[in-house]
Amino acid sequence: MPAHDVLIIGAGLAGQRAALAAAQSGATVAIMSKVHPVRSHSVAAAGGINAAISVDDDWRSHAYDTVKGSDYLGDQDAIEVMCSEAPAEVMHLEHMGVTFHRNEAGEMDLRAFGGASLKRTAYVADITGQALLHVLYEQLMKHHESVERFEEWFTTSLLLDEEGRCAGVIARDVRTGRMEAFTAKNVILACGGAGQVYKPTTNGLIVTGDGIAMAYRAGAPLMDMEMVQYHPTCLVETGILITEGARGEGAHLLNSGGERFMEKSAPNKMELASRDVVSRAEQIEINEGRGVGPGGAGIFLDVTVVPRKRTLEALREIVNLGRDFAGVDITREPIMIRPGQHYIMGGVKTDVDGRTPIEGLYAAGEVACVSVHGGNRLGANSLLDTLIFGRRSGEHAAARAASMGMPKIDTLPALRSDAERIDAIISRPHEGRRVSEIKTELGEMMNQHAAVFRDEAGLQSALETIGRLREEADRAWIDDRGTVFNQDVLGALELGFLIDCAEATVVAAIERKESRGAQYRTDYPERDDAEWLKHIEVALGPDGPAVSYSAVTITQWEPEERKY
Amino acid sequence: MAEAHDRPPESFTLRLRRYDPESGEAPYWDEHTVELEPHRSVLEAILQARDRFDGSIGIRCSCRQAICGSCGVRVNGEPALACHTHLDAARTSAGTEGVIEIEPMGNMPVIKDLIVDMDAVHWKKVQRVTPWLLAKEPVPEREYLVSKESMVDVTQTMACIQCGACVSDCLAMEVDPGFIGPAALAKAYRFVGDPRDDEQRERLTDLAQDPHGIFDCTHCFKCVEACPKDVNPMGQIMRLRRIATSDQHIKDHNNGKRHEAAFTTLIKDNGLLWEAELLPRSYGGNSWFGKFAPSAGKELLSSLPAILKALVRGKVTPAGALKPHKIPREDLKAVQGIYEKVEGREQRYELNLYVTASDEEVSGNGASAAATGAPPSPAGEEPSAVAPPPVDPGPPSAAGPEGESAQVGAGEDAEPPTGAHADENSQEGDDS
Chain A
1 MPAHDVLIIG
11 AGLAGQRAAL
21 AAAQSGATVA
31 IMSKVHPVRS
41 HSVAAAGGIN
51 AAISVDDDWR
61 SHAYDTVKGS
71 DYLGDQDAIE
81 VMCSEAPAEV
91 MHLEHMGVTF
101 HRNEAGEMDL
111 RAFGGASLKR
121 TAYVADITGQ
131 ALLHVLYEQL
141 MKHHESVERF
151 EEWFTTSLLL
161 DEEGRCAGVI
171 ARDVRTGRME
181 AFTAKNVILA
191 CGGAGQVYKP
201 TTNGLIVTGD
211 GIAMAYRAGA
221 PLMDMEMVQY
231 HPTCLVETGI
241 LITEGARGEG
251 AHLLNSGGER
261 FMEKSAPNKM
271 ELASRDVVSR
281 AEQIEINEGR
291 GVGPGGAGIF
301 LDVTVVPRKR
311 TLEALREIVN
321 LGRDFAGVDI
331 TREPIMIRPG
341 QHYIMGGVKT
351 DVDGRTPIEG
361 LYAAGEVACV
371 SVHGGNRLGA
381 NSLLDTLIFG
391 RRSGEHAAAR
401 AASMGMPKID
411 TLPALRSDAE
421 RIDAIISRPH
431 EGRRVSEIKT
441 ELGEMMNQHA
451 AVFRDEAGLQ
461 SALETIGRLR
471 EEADRAWIDD
481 RGTVFNQDVL
491 GALELGFLID
501 CAEATVVAAI
511 ERKESRGAQY
521 RTDYPERDDA
531 EWLKHIEVAL
541 GPDGPAVSYS
551 AVTITQWEPE
561 ERKY
Chain B
1001 MAEAHDRPPE
1011 SFTLRLRRYD
1021 PESGEAPYWD
1031 EHTVELEPHR
1041 SVLEAILQAR
1051 DRFDGSIGIR
1061 CSCRQAICGS
1071 CGVRVNGEPA
1081 LACHTHLDAA
1091 RTSAGTEGVI
1101 EIEPMGNMPV
1111 IKDLIVDMDA
1121 VHWKKVQRVT
1131 PWLLAKEPVP
1141 EREYLVSKES
1151 MVDVTQTMAC
1161 IQCGACVSDC
1171 LAMEVDPGFI
1181 GPAALAKAYR
1191 FVGDPRDDEQ
1201 RERLTDLAQD
1211 PHGIFDCTHC
1221 FKCVEACPKD
1231 VNPMGQIMRL
1241 RRIATSDQHI
1251 KDHNNGKRHE
1261 AAFTTLIKDN
1271 GLLWEAELLP
1281 RSYGGNSWFG
1291 KFAPSAGKEL
1301 LSSLPAILKA
1311 LVRGKVTPAG
1321 ALKPHKIPRE
1331 DLKAVQGIYE
1341 KVEGREQRYE
1351 LNLYVTASDE
1361 EVSGNGASAA
1371 ATGAPPSPAG
1381 EEPSAVAPPP
1391 VDPGPPSAAG
1401 PEGESAQVGA
1411 GEDAEPPTGA
1421 HADENSQEGD
1431 DS
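Taken in order, these protein sequences are the chains called A and B. Just so you know, the working numbering puts 289 at position 289 of the first sequence, and the rest follows in order with no gaps. Just add 1000 to the spot in the second sequence (first one is 1) and you have the working numbering.
One chain only, chain A, in its complex shape (with noise of 0.2 Å):
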């Protein structure tokens, strides 16, 4: 049986350098993923990883940037860890060899994003998330007599001991459908988001908040679960994100009447205002009849108006996109997009170091909440927080590992019912409906009524569907009775994570009564400091989800009146 000081769950950018930190530290480490390393979805980053690295720059501007985009949620002491060690960080990842994009000088060059007071995101074209993962699996490879690669192993659960303790995780090999159980000082969970429980969504069909499942199930408690951030720029159709360096490079938005409406909510930074207001602006345009397309559904983004060296220099992979995917020449005609899902904020809720209130069991990257976006995360902010909480989280964890003994634990049990729980899947009679069904009627229903604009309402009838989709996926049906590649019955475990961080969302959603960041209930339309400032909690209790609070974290930066 496998064992191991640390036991890393996901192989994205914190996952991989998770593992990096703690085999450096000298630990044994695995790393565990359902997909190889390369599809993990940190893949799809594009714009560019923040960074206060110019002269003209501190690290002190990055953190009140990031505290101002979180709408005062975001905790400081959090903030100023990630954004203080940010340029360490990023010089770090240069020297392993990721080939950022220079200037004349051939230092790394900066390009604007939203909500940021001065150029402070290196990027690498916009395939900015693909350079720095395949750059971190080049290390794997490097390394990898110090870090065991499980690739394309799926984990069903967590393993906890007596006291409570995490102690490992229950897993099954994809490719024989061999159940194993895996044994550990210390797990870290760098399994990424829940964009799946929305439809449609940026993120890839991968990201079905499995790690945020496992932990809440095992007694963690969630945070900040109501706070999903909708990207300004998805295709009308597709939902295939295009990248905010667009707008950092000086693309326009512009509305049916040609106009650059983003004057009217947010007359300086215009377009580089932060993500939850901009998708807002937008679709107030849309819902009020000024939108474009088909059904007035879509609004404009102009890439025209940057110059077209500039534009397949360094937006090269939306050139490619728009031309692939929407038929369009980005670079001589403006591109139809609308908000769309992509990114929560919340998640399992760690300390600085990734420690989840359940000891032995750390999170990193979108799967945790530290937390550092509070209610709206910065663009470029979500690479910075995968690699800084990724390595902190391995470090801690091997040093952790280092003063104890491997944990002794009958992993029979656990291992038996999560076997016998896939076999009963897999056995299910052909009645009631299929995964598939269950899991678009849940992505379209929450993109109704838990996305840019909320009200009691909406959130009330969201919860109940969830409660009805829960029992329809209780007896949900497959066809792949085979154990090789069985993904059918991996997709019917996926629904029921998505399930369960869909009712968290909501939960939260209602109990949030104000607008606050990626928030907004049209029952509730103002931030309100006195009642709400301070952080959601949802753990599951023996009734289902139970909500409580804890204080938001404030050092330097006094809540005041957003503006952009």
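A few of these clues could be false.
Stated by the list, open to error - Pairwise CB distance ranges, derived in the manner of DEER restraints: (1) A/Gln24 / B/Glu1141: 18 to 24 Å; (2) B/Pro1008 / A/Ser146: 52 to 58 Å; (3) A/Arg421 / B/Glu1022: 19 to 25 Å; (4) B/Glu1010 / A/Asp329: 21 to 27 Å; (5) A/Ala297 / B/His1219: 47 to 53 Å; (6) B/Lys1136 / A/Thr176: 42 to 48 Å; (7) B/Ala1120 / A/Ser117: 16 to 22 Å; (8) B/Lys1136 / A/Asn268: 41 to 47 Å; (9) B/Gly1178 / A/Arg421: 42 to 48 Å; (10) A/Asp329 / B/Gly1297: 23 to 29 Å.
What the hints assert, rightly or not - Simulated pairs of lysine-lysine, DSS-like, Cα-Cα distance not exceeding 25 Å: (11) B/Lys1315 / B/Lys1333; (12) A/Lys142 / B/Lys1124; (13) B/Lys1326 / B/Lys1291; (14) B/Lys1268 / A/Lys119; (15) A/Lys563 / A/Lys264; (16) B/Lys1323 / B/Lys1291; (17) B/Lys1136 / A/Lys142; (18) B/Lys1136 / B/Lys1148; (19) B/Lys1148 / B/Lys1268.
Hints are computed from structural coordinates only; laboratory data are not their basis. Glycine included, each C-beta is placed from N, C-alpha and C at the ideal position.
Assemble the complex: chain A is given as a structure, and chain B must be docked to it using the hints.
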């Protein structure tokens, strides 16, 4: 743009290659008909079939936007990303019935349905090229200072998503499964071309000396066509060769360098290839005397059966083989003119898709937009909307991309640019 969104769903029939390793049965074809708009992707069609009819259809997929590299398959016999292939295009390239055939990629063992074992082939080969930066010492406190062009240059190979489409249809790999192959060699260029790497020469020597290395590629262009990300793997392999031979003067025992020199010299001298002279020179050195070298003699001797067979079948005549082919004098001059032009350059031109368009065109466009401040037209949408006239991107000038491509087309190896970007080539800076 308007049309793309207005087209109603149509029926598409997919014929999927299925294989269930647990059944003990051979692979078989499985047909499903789906309803989707014609500009939707083959992946969406497969997923619809999976969601509605048969959840056991196996395919790796995630991002749906050609960045995660999971869904490499063969569509109508050609390697592609399923998410990156439009249904209408796939139906056009299908057989007469318009049934879209989807199979797993080639050159890799099939695990189930459309899922292949990439670890057994692709990733093993990537691991072979020491795929990590061997950074120059001392490591600077801040970033390495390197030219902008050098980073943009290696970004083209950094853009590889490791989907395996090029590996799937590499003809050289089909013949020699040991060939390191297009994806891994493109990855190798990413380090050789990176000025921060300290072991350029060691890497090149390694790849030149490996009998399955850079000289194993046969220039078939399959990988260039297959690549969904314009990485141009063959182009990267050729660059590795050029740096290994022309810049680093690495003499490999695969005769790669000598073969290349013999090839280019024969064309320069005769305008056409002189096959009978090529082989001995590749072994014995690039001169008429090459054939008297022992290694050339040995190779000639071992090739005798093939030569005799060709003679017997009338494919070659002794006179035709022993004398160079003739072309008209003015044609030969034109060919030699290319050599003069290319060899006369101070710096080599290299193809790079990330460096594009000319500055003149660009400043023209930017200026006109800024000057008028006019938002672009909503491109045919909503005629009632009061929209100012569109920004004219300006006519393609002589200095535009078309003019430039002609210049680059005459580049050193006369490499044709990859299909979609024939008009977007430009030069690239020093490799070092």
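Each hint tested on the structure:
| no. | hint | in the structure |
| --- | --- | --- |
| 1 | A/Gln24 / B/Glu1141: 18 to 24 Å | holds, 19 Å |
| 2 | B/Pro1008 / A/Ser146: 52 to 58 Å | holds, 56 Å |
| 3 | A/Arg421 / B/Glu1022: 19 to 25 Å | holds, 21 Å |
| 4 | B/Glu1010 / A/Asp329: 21 to 27 Å | holds, 25 Å |
| 5 | A/Ala297 / B/His1219: 47 to 53 Å | holds, 48 Å |
| 6 | B/Lys1136 / A/Thr176: 42 to 48 Å | holds, 43 Å |
| 7 | B/Ala1120 / A/Ser117: 16 to 22 Å | violated, 51 Å |
| 8 | B/Lys1136 / A/Asn268: 41 to 47 Å | holds, 43 Å |
| 9 | B/Gly1178 / A/Arg421: 42 to 48 Å | holds, 44 Å |
| 10 | A/Asp329 / B/Gly1297: 23 to 29 Å | violated, 59 Å |
| 11 | B/Lys1315 / B/Lys1333 | violated, 29 Å |
| 12 | A/Lys142 / B/Lys1124 | holds, 13 Å |
| 13 | B/Lys1326 / B/Lys1291 | holds, 22 Å |
| 14 | B/Lys1268 / A/Lys119 | violated, 52 Å |
| 15 | A/Lys563 / A/Lys264 | holds, 12 Å |
| 16 | B/Lys1323 / B/Lys1291 | holds, 15 Å |
| 17 | B/Lys1136 / A/Lys142 | holds, 17 Å |
| 18 | B/Lys1136 / B/Lys1148 | holds, 18 Å |
| 19 | B/Lys1148 / B/Lys1268 | violated, 35 Å |
Checked against the numbered hints above, the structure breaks hints 7, 10, 11, 14, 19 and satisfies the rest.
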